[in-house]
Structures are given as C-alpha cells and as structure tokens.
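Number of protein chains: 2
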Amino acid sequence: MSIEINKDFLSALADCIREQNSKSAHEMLVDLHPADIAEFFPQLELEEQSYLISLLDNEVSAAVMLELEEDDRKKLLRLLSPKEIAEDLITEMDTDDAVDVISELSEAKKDEVIAQLEDKEHAQDIVDLLRYDEDTAGGLMRKEFVKVNKNWNVITAVREMRRQAEDLEEVYSIYVVNDDNELLGTLSLKKLLTTSSSTKLEELYNKNVHYVKAGANDEDVAKIIQKYDLMEIPVVDELMRLQGIITVDDIIDVMREEAEEDYQLAAGITRNVDADDSIWTLTKARLPWLLIGMFGGLCAASIINGFTVVLEKYKVLLLFVPLIQSTAGNVGIQSSAIIVQGLANGTIKGEVWKLLWKEFLLGLLNGLGIAIIVLFFSHFWFGTPYLVSATICVALVTVIIIAATIGTFIPLFLSKRGLDPAVSTGPFITTSNDIFGVFIYFMIAKMLLGF
Amino acid sequence: MSIEINKDFLSALADCIREQNSKSAHEMLVDLHPADIAEFFPQLELEEQSYLISLLDNEVSAAVMLELEEDDRKKLLRLLSPKEIAEDLITEMDTDDAVDVISELSEAKKDEVIAQLEDKEHAQDIVDLLRYDEDTAGGLMRKEFVKVNKNWNVITAVREMRRQAEDLEEVYSIYVVNDDNELLGTLSLKKLLTTSSSTKLEELYNKNVHYVKAGANDEDVAKIIQKYDLMEIPVVDELMRLQGIITVDDIIDVMREEAEEDYQLAAGITRNVDADDSIWTLTKARLPWLLIGMFGGLCAASIINGFTVVLEKYKVLLLFVPLIQSTAGNVGIQSSAIIVQGLANGTIKGEVWKLLWKEFLLGLLNGLGIAIIVLFFSHFWFGTPYLVSATICVALVTVIIIAATIGTFIPLFLSKRGLDPAVSTGPFITTSNDIFGVFIYFMIAKMLLGF
Numbered sequence: 001m002s003i004e005i006n007k008d009f010l011s012a013l014a015d016c017i018r019e020q021n022s023k024s025a026h027e028m029l030v031d032l033h034p035a036d037i038a039e040f041f042p043q044l045e046l047e048e049q050s051y052l053i054s055l056l057d058n059e060v061s062a063a064v065m066l067e068l069e070e071d072d073r074k075k076l077l078r079l080l081s082p083k084e085i086a087e088d089l090i091t092e093m094d095t096d097d098a099v100d101v102i103s104e105l106s107e108a109k110k111d112e113v114i115a116q117l118e119d120k121e122h123a124q125d126i127v128d129l130l131r132y133d134e135d136t137a138g139g140l141m142r143k144e145f146v147k148v149n150k151n152w153n154v155i156t157a158v159r160e161m162r163r164q165a166e167d168l169e170e171v172y173s174i175y176v177v178n179d180d181n182e183l184l185g186t187l188s189l190k191k192l193l194t195t196s197s198s199t200k201l202e203e204l205y206n207k208n209v210h211y212v213k214a215g216a217n218d219e220d221v222a223k224i225i226q227k228y229d230l231m232e233i234p235v236v237d238e239l240m241r242l243q244g245i246i247t248v249d250d251i252i253d254v255m256r257e258e259a260e261e262d263y264q265l266a267a268g269i270t271r272n273v274d275a276d277d278s279i280w281t282l283t284k285a286r287l288p289w290l291l292i293g294m295f296g297g298l299c300a301a302s303i304i305n306g307f308t309v310v311l312e313k314y315k316v317l318l319l320f321v322p323l324i325q326s327t328a329g330n331v332g333i334q335s336s337a338i339i340v341q342g343l344a345n346g347t348i349k350g351e352v353w354k355l356l357w358k359e360f361l362l363g364l365l366n367g368l369g370i371a372i373i374v375l376f377f378s379h380f381w382f383g384t385p386y387l388v389s390a391t392i393c394v395a396l397v398t399v400i401i402i403a404a405t406i407g408t409f410i411p412l413f414l415s416k417r418g419l420d421p422a423v424s425t426g427p428f429i430t431t432s433n434d435i436f437g438v439f440i441y442f443m444i445a446k447m448l449l450g451f
Numbered sequence: 001m002s003i004e005i006n007k008d009f010l011s012a013l014a015d016c017i018r019e020q021n022s023k024s025a026h027e028m029l030v031d032l033h034p035a036d037i038a039e040f041f042p043q044l045e046l047e048e049q050s051y052l053i054s055l056l057d058n059e060v061s062a063a064v065m066l067e068l069e070e071d072d073r074k075k076l077l078r079l080l081s082p083k084e085i086a087e088d089l090i091t092e093m094d095t096d097d098a099v100d101v102i103s104e105l106s107e108a109k110k111d112e113v114i115a116q117l118e119d120k121e122h123a124q125d126i127v128d129l130l131r132y133d134e135d136t137a138g139g140l141m142r143k144e145f146v147k148v149n150k151n152w153n154v155i156t157a158v159r160e161m162r163r164q165a166e167d168l169e170e171v172y173s174i175y176v177v178n179d180d181n182e183l184l185g186t187l188s189l190k191k192l193l194t195t196s197s198s199t200k201l202e203e204l205y206n207k208n209v210h211y212v213k214a215g216a217n218d219e220d221v222a223k224i225i226q227k228y229d230l231m232e233i234p235v236v237d238e239l240m241r242l243q244g245i246i247t248v249d250d251i252i253d254v255m256r257e258e259a260e261e262d263y264q265l266a267a268g269i270t271r272n273v274d275a276d277d278s279i280w281t282l283t284k285a286r287l288p289w290l291l292i293g294m295f296g297g298l299c300a301a302s303i304i305n306g307f308t309v310v311l312e313k314y315k316v317l318l319l320f321v322p323l324i325q326s327t328a329g330n331v332g333i334q335s336s337a338i339i340v341q342g343l344a345n346g347t348i349k350g351e352v353w354k355l356l357w358k359e360f361l362l363g364l365l366n367g368l369g370i371a372i373i374v375l376f377f378s379h380f381w382f383g384t385p386y387l388v389s390a391t392i393c394v395a396l397v398t399v400i401i402i403a404a405t406i407g408t409f410i411p412l413f414l415s416k417r418g419l420d421p422a423v424s425t426g427p428f429i430t431t432s433n434d435i436f437g438v439f440i441y442f443m444i445a446k447m448l449l450g451f
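Those sequence lines, one after another, are chains A and B. Its first residue numbered 1, the first sequence is counted upward by one per residue in our numbering. Its first residue numbered 1, the second sequence is counted upward by one per residue in our numbering.
Some clues are possibly wrong.
Claimed, not checked - Using 27 Å as the maximum straight-line C-alpha spacing, the simulated DSS-like pairs for lysine-lysine come out as follows:
1. K109/B <-> K75/B
2. K315/B <-> K313/A
3. K284/A <-> K190/B
4. K191/B <-> K200/A
5. K74/A <-> K284/B
6. K213/B <-> K223/A
7. K284/A <-> K354/B
8. K354/A <-> K200/B
9. K446/A <-> K416/A
10. K143/B <-> K23/B
11. K120/A <-> K190/B
12. K150/B <-> K75/B
13. K223/A <-> K207/A
14. K7/A <-> K74/B
15. K147/B <-> K200/B
16. K191/B <-> K190/A
17. K416/B <-> K213/B
18. K223/A <-> K74/B
19. K190/B <-> K190/A
20. K147/B <-> K223/B
21. K190/B <-> K75/A
Since the hints were made in silico from the structure, they are not lab data. Because the structure is a prediction, the values reported are computed rather than measured.
Please build the complete structure, drawing on both the sequences and the hints.
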C-alpha cells in the first residue's frame, strides 16, 4: 500500500515490459492490490496490458480484469484466445463475475470459452446464470455460498461448511434448506462457533430471512438491502428453492449506476456516458435533448411572433423574456428534483393534491418575494411604466406557480404510470417551461395592457 | 413478512392503542421488522408512537427509533425522559448508533442521558465517539468488534472471540493487534474454523489490511470501501492503534446522502430537503438560487436594453433570444454534469486543455447540427432575411461552444481549488450562460449586421 503510482513508476514498468524483463515487472506489481493495478492500466498501451495480464498470477489477472472499465476490458479480451480467457481468467472468478465477463464476448467466442472450462460444475453454474437478465436479481447473483440441511447437527454442518467453503474467499452467512432445497433461514457463523456440536441445526437457525425472487428488479433488490441493512441476500426461484446469493458490493454498484443515471437524466444526457468516451458517443447522448430544447426555443419564437403588436407598443416587455424564462426553468427543476428524489427514497406519502397545494403556496411565496425585487428594478433601473411593471410582476408570480405545479405533477404522473420519473427533470421541464412561460407572460400582458 | 401494512392494519392498531389494549397491539407488531414498523410510524399520532415505543421490547424500540427519519425521531425523543432514553434505547444500541441519537439531544439532556447509562464501558465508548466530527471516519465508526492478540493461539482466540462477541449481532472480521493495540491485520472466521487449535495467530493472519485514519473524510472512506469491495474497514489513530470499525451499511447511507446532495445542487437546491419538509424550510433551500437566477435575468434585460438600436432595425432578432438562452443553458448543464460525475468516479484523468479541446469540438459539431435546422426554420417559417439568419446561426454555434467550455472549465477549476464541483452545475451554469449567451448574441449581431 506504500508504493506510489506516479510517472516514474509507470515509465519504469514500461521499460521492464519493453526489455521483456518479466521478473522485474512482476516484482513491481506483486504488492499491489488488483484495484490499484486496474487504475493505471488504461494508461498503458494495449499490448503492454496484455503482456502484464499474461505475466501476473491468474488470480490477480482475473481480479484486475474485473476492476477495469467495461470498454477497456473488452479491448483486452479481444487479444486473448478462448482458451486463455477460460483457463487463466474465468476459472479464477466467482460465477457472477464470470457471467459478466462472458456476456461481453461475441456469441461465438462465448460458446468456445464455456466449452474450454475444465471445472464442469463451475461451467454449469455459469450457464445457469447466463439465462437471467442483467438487471434482475438472477443477473446479479452468484453460486458461491454455503448451504446446510436443517437435519444436520453442528458437527456435520461445520465439516460440510469447511468443504464447501474451500473455494470461497470469505463466508458471511450460512443458508439452511430442507431436502427439497427450499430456503428456510440462515445460521450465523457466530452461533456455529458457540454451540455444542451435537445440536441439530433445526433448533439453531433464524427463520426470519429476507430473500428476493430471481426475477426481481435490481433496483428493488438494492432498496431491500438498504432498508434492512443486509450484507447479502439469498435469491430463490418460484418454488422458494435457493438459487444463489447477492452480496452488498454488487448492490453498491447498482446504487451508484442508478444515481449516475438520475443525475445524467437531470442534466439532459440520455445514455450513460463518461468524460473519456468518444466525441461521437457523447454527441449521441447529448444531441437529443439539445434538439428538443431547440424546438422549444423555436416554439417560443413563434409565440413571441404571434404577439407582434407588443413589439410596437410595449417593447420594454421583451427585455424581461430571459428573466421570465430562466425563473420558470429554475423553479420547475427544483420542484421536479424534490419529487423525483422523494419518490426514490420513499419520503412522498401524502396525496397528490396535497403536494400540488403545497407547491402552489410555495410558488406564491417565492413568486411574491421575487416580484417585489423585480418591481423595484424595473421601476428605478429600467424606468418601466407602472402598468408594464405590474404586468411583469403578475406574470412572474403566475409563471412561478405554474412552473412549480408542472414540475411537481409530471414526475408524479410518470411514476403512477410506471415510468421513470427522473426523465421528467432537467431539459424536459426547462423546455416545457420555456414555452409555457413565454406564452403566459404575453397573455397576461395582453389582458392587463389590453392590446 | 406476510403481513400487509394497509389502512385496515393501521386503524386496527389505532383502536388497540385507544383502548390501551397492549396485548393485541403487541401481537400485531411482534412479527414485523423494525424497519417496517418505522415505515408506518410517521402516519400515527405522536402520542400513539410513544405508546408503542414503551410497549415494544427495548431491543425492537431501539431499532425502530434508529430507522425513523431524524425529524420524526427528534419529536419522539422530546417525549421521553433521560432515564427512558438511556435504559430502554441507548443501552440496546451499538455505539455508533447511540452516538447519532445522543447527538440529536439538547446539551443538558445529553449529559443526563450519559449519566444514566449503567454499563460504564458502553458509556465510555460513547463519550469517546462523541469527540469526532459527524462526517469523519471517527464519526461513523463503532466500538463493537472482535480484537485478538497476535501472540494467542487459535484456541485462546476462539474463546476470547466468544466472550467479546457475546453482545455482537454478527461477526464478519476479526482484527489482530499487538500488545500496544496497533493494528496488524485481519483473521478470517473461515480460517479460524479450519485451522488446528494450537497454531499461533501470528502465522495465520492476513497482513494486507485496508484501514483509515479516524480523521478521514467520510466520502473518502466510501471511495475506499467501494474500490476494494470491503464489508467493513478498521479505523486507527495517528499511532496506528485500533479505534473502531466502519461497516458497509453506514457507508451506503453516506453514498446515498452524497448522491442526493449532488442531485439537489444540480437542481439548484442549496440544502438537504425532503418533499415533506415545511414550506418555510423548502423556501430557504430554494429561494437563494431563484434570486441569483433573477439577477441573471435582470442582467440579461440590461444587456438587451444596451442594444436598443436592434429593437428598431432588426426586431426579428429578439424572437430568438429564448432559443439562444435555453440552448446555452442545456449545453452548459450537460458539459458540467459530465465533468462533475467524472471527477466523482475518477474517469477524468487527462489534462485540462485536452478536455476543453474535446468540448470545443463537441460544441462545434452539435452547434453546426442545430444551426442548420434553425437556419431552415428561420428562413422558411419566420421569413428572416439571409443576413439575419446567418447572424442567428453564427451566434448559436459560438454560444454553444462557449457554454460547453464554460461548463467544462468551472467544475474543473473548483475541483482544483479544493471546492465541491457539484455547486457549479444547474442554476449556476444556467445563470452565467443566460448573461453570456444574450451578450454574445447581440455582439455578433452588431458585428455582422453592422449597426
């Protein structure tokens, strides 16, 4: 942990690779954690990476591969033969990780890799897991866990556990099943360590076990793990038969992806991208919302065009279009963000009309505050006539209230319809508020100024 | 797990409470998980909640209290005497949770509660933990863990472990220290179960242990836990002496809060609020950005006002102000969101000028695409003269490029300065782009149309 990964380290490593000095290269890496190796890997040339992967112990290579970003891993996998992938990497991986890597291969290569696996039980488990959708409990679970029969006594259980745990890095929970493999409960290691050896497991295990069905959505699994503070959760099929377990580290990844997705949606980015993706990928993720925003802007232009009389008589009204528009946008984003987040973390419990009424009051309060300040500026700074100032302020309050209620209503509506409310934030709200805002502004002007 | 919490259940429960039928009320709750009880608790009256807390077993009451939202818990705590809080609740809590609850009490009540604690060791641990800042490793850690001396053999370790684990719900890791309490490594329960009893721990333990200092920032601890897929991490003081452990469930809460905070900042909400907070709290969180947005709008009005000649000669230019403004806003938010997220998940590695150059190209590409469509509409729909159409398009491309580079630069700049880049998203970018966008638009108009 005391080795610093800097430019000197990387250039020394590159030298070793160029000179094919495998001994020195190995020595440089041996004390590093795979996650640390994976961190600087993308800074090396692809050939250098592949040289190091072949150099490292299989267990370490496999762990490094898993820690890489998907794009980087895919490039590296293309350089490896099915035999190398199977024997050096997949064999060393837990079934859930193995499935993730195999899913990234082409169909043909996938089959070749599976055929090359020597441990037939491991291969069978992998094939089983490949059936499940990536974003379900089945797609997240692993087959590595310890399972005991309720009819065993402590001494048999410990012996069986030792046998089963041989290939496991660590054991946190022991699952108790009956003869039909139906999940009955869990047994804590602590209890096993502290009970006399002839006691039957039946008398020891905890029947209150949380579990999920294999078809459950991964985000729902994440909610259960969070709610009950679990380290892992067993996965069962329709007949309650134990199929696998999901550990909290995989759930952390689900949570992070979900948070990133919501954040990106709020910012008007339609697919998961990173700063280091290609310009083309980034454009595909960003252009859709820019185009929708553009049409919103063109609609606003049409609306203003429809009120050309204003341009003649009260051109000062046009000065305040940006103010109306940006205020409507900001209010709308705030309202929708609070609802989206409330739906996600379960703090929204009341009825819809109550939430809307609250947003109405909130909009009125904020709107009046802002309108008073704007009144001051429009009068003293821009010298706007009283009636025009009044128009601007009434429009501002109205726009804020409407933007706040739209921002509240749309995510609630989407959620009721079973759609992801997060898509309604960001540019969606901004664009619709651009159009509404400008329209309301000029309608109120028309009514109050009577042109 | 099969009991459904619905209106019928709640009204039946309320009936039991009204009739002071403690037996039936207890029966209704006995099979529920504390997290499930906490979920419907806020729907009951405060007196009903307090009645149930006194009715439930202390262990369950304590767990329910911990699962409540902070606001709800505070209200309930006010109804309880220091003696009740100490004996019924704090005694049943792990030290880290106990500290969280005690921190929510008034200074006077805090001392009374601590004085009432009968288990002096527990009280001492709590007082120790109260010294640490809430958002540091010390503020997250608990004192409940199992610690063994490297000089012990397996049989002594198992005996000691049983003694220490008596009050622990579950044991995942065993920490190995020397005579000075310095952290040396970890011992897996699995190894303890599978090694002969006379072996010295010195020969068994794993020296590669990840740890954090007590003063470490909680978000940094979360990063380490995620990077190395840990279930828990030990906390040491400056002299490497083992002080406590942090478990992954507490880190999940840190991650969720962090994600919520970033999301809210992007939506222009300045403090952590929920949909069910009071209108006053929500206003305090929302008004600051609305006011800043308002000043941005007034600045934009001033800028337009400075170009009044345009209003006379090319009033059609004003139609496209909303388009320019919303496009600049959308581009800016997209760019900054990608950088903020990249900084958070570590995908930003290149140099600043490379990122800016990429955004420049991206802005150019997206800008040209959008400009061509706008050109079409402005010509055929609005009948804008060629030169004015050209002005709009050149302005659009320029504004998009500048918005993209500003959106990229500001979060990078804030991050270099050690500030949270997330504050630069949302309204900050929108407001600055409102002003820049309008200014650039009219400047280009002035140059091209020569007024």
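Going down the list of hints, with the structure as the test:
no.	hint	verdict
1	K109/B <-> K75/B	holds, 14 Å
2	K315/B <-> K313/A	holds, 13 Å
3	K284/A <-> K190/B	violated, 49 Å
4	K191/B <-> K200/A	holds, 23 Å
5	K74/A <-> K284/B	violated, 48 Å
6	K213/B <-> K223/A	violated, 30 Å
7	K284/A <-> K354/B	holds, 20 Å
8	K354/A <-> K200/B	violated, 66 Å
9	K446/A <-> K416/A	violated, 37 Å
10	K143/B <-> K23/B	violated, 36 Å
11	K120/A <-> K190/B	holds, 25 Å
12	K150/B <-> K75/B	violated, 47 Å
13	K223/A <-> K207/A	holds, 21 Å
14	K7/A <-> K74/B	violated, 52 Å
15	K147/B <-> K200/B	holds, 15 Å
16	K191/B <-> K190/A	holds, 14 Å
17	K416/B <-> K213/B	holds, 24 Å
18	K223/A <-> K74/B	holds, 25 Å
19	K190/B <-> K190/A	holds, 11 Å
20	K147/B <-> K223/B	holds, 25 Å
21	K190/B <-> K75/A	violated, 37 Å
Hint check: violations occur at hints 3, 5, 6, 8, 9, 10, 12, 14, 21; the rest are consistent with the structure.
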